[in-house]
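Colleague: Here's the letter readout for the chains.
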Amino acid sequence: DAMVIQNPRYQVTQFGKPVTLSCSQTLNHNVMYWYQQKSSQAPKLLFHYYDKDFNNEADTPDNFQSRRPNTSFCFLDIRSPGLGDAAMYLCATSRPDKATQPQHFGDGTRLSIL
Amino acid sequence: AQSVTQPDIHITVSEGASLELRCNYSYGATPYLFWYVQSPGQGLQLLLKYFSGDTLVQGIKGFEAEFKRSQSSFNLRKPSVHWSDAAEYFCAVGPSNDYKLSFGAGTTVTVRA
Numbered sequence: 203d204a205m206v207i208q209n210p211r212y213q214v215t216q217f218g219k220p221v222t223l224s225c226s227q228t229l230n231h232n233v234m235y236w237y238q239q240k241s242s243q244a245p246k247l248l249f250h251y252y253d254k255d256f257n258n259e260a261d262t263p264d265n266f267q268s269r270r271p272n273t274s275f276c277f278l279d280i281r282s283p284g285l286g287d288a289a290m291y292l293c294a295t296s297r298p299d300k301a302t303q304p305q306h307f308g309d310g311t312r313l314s315i316l
Numbered sequence: 275a276q277s278v279t280q281p282d283i284h285i286t287v288s289e290g291a292s293l294e295l296r297c298n299y300s301y302g303a304t305p306y307l308f309w310y311v312q313s314p315g316q317g318l319q320l321l322l323k324y325f326s327g328d329t330l331v332q333g334i335k336g337f338e339a340e341f342k343r344s345q346s347s348f349n350l351r352k353p354s355v356h357w358s359d360a361a362e363y364f365c366a367v368g369p370s371n372d373y374k375l376s377f378g379a380g381t382t383v384t385v386r387a
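Going line by line, the protein sequences match chains C and B. Sequential numbering from 203 applies to the first sequence in the numbering used here. Sequential numbering from 275 applies to the second sequence in the numbering used here.
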């Protein structure tokens, strides 16, 4: 089945130690999104790629970066994680050329900061 | 700008009883509306979507939703809930010429035996 896969499912890192989360998709979708979701809250969009074009949300901290080396993969880099960055990180994809298509989500990576 | 309100933070329902989750949106044109469900520790799964046409839409897992333009609502219903329906439910709206979603704050559904 075509899908969105996030690795790892659980990630533990130390305060201030860089960490990278990965997302891959077999849907061949143009757009890939990264969301941050804290407990009992809605997902918050951090940024997205439309093909190779990067679009950052205005309130996304500089500590968060992203890379998309090809259509299938997208990475979230947290340069110096703080305790407040502990959250679930969700990757999603969509095809905006078909406006009726919804976003497809991965199962997320739960990030813990020691 | 579009926005979504889910008035109920938490709903408890007995297994076998009916369920209705409320969603109100604010958007100038005809919105694209979605309901997603999130089980603990999982990603979001699409239940159903509305773009146009029949205002009563059927989704997966026995869910349906009704679009009411006059009330700016898109409420989700299920006639008889199962214990496995215990989860977080998110309503989302996306305008037709953009590809970003605005999520509601979510409603947590607890199912009691």
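These aren't lab readings, by the way, just hints derived from the structure by calculation. Note that the coordinates shown come from a computational prediction; the quantities given were computed from them, not determined experimentally. Check the hints yourself; a few may be wrong.
[Said to hold, decoys possible] Partial selection, computed: residues in chain C whose CB lies under 8 Å from chain B: (1) Leu229; (2) Val233; (3) Pro245; (4) Asp287; (5) Ala288; (6) Ala289; (7) Ser296; (8) Pro298; (9) Gln305; (10) Phe307.
Glycine included, each C-beta is placed from N, C-alpha and C at the ideal position.
Colleague: All hints are to be evaluated individually against the structure, with a verdict given for each.
Modeller: Checked hints:
1. Leu229: 13 Å, violated
2. Val233: OK, holds: Val233(C) within 8 Å of chain B, min 6 Å.
3. Pro245: 6 Å, holds
4. Asp287: 18 Å, violated
5. Ala288: With a closest approach of 14 Å, the Ala288(C) hint is violated.
6. Ala289: 13 Å, violated
7. Ser296: At 6 Å from the nearest chain B Cβ, Ser296(C) passes the 8 Å test, so the hint holds.
8. Pro298: Since chain B brings a Cβ to about 4 Å from Pro298(C), closer than 8 Å, the hint holds.
9. Gln305: 6 Å, holds
10. Phe307: 4 Å, holds
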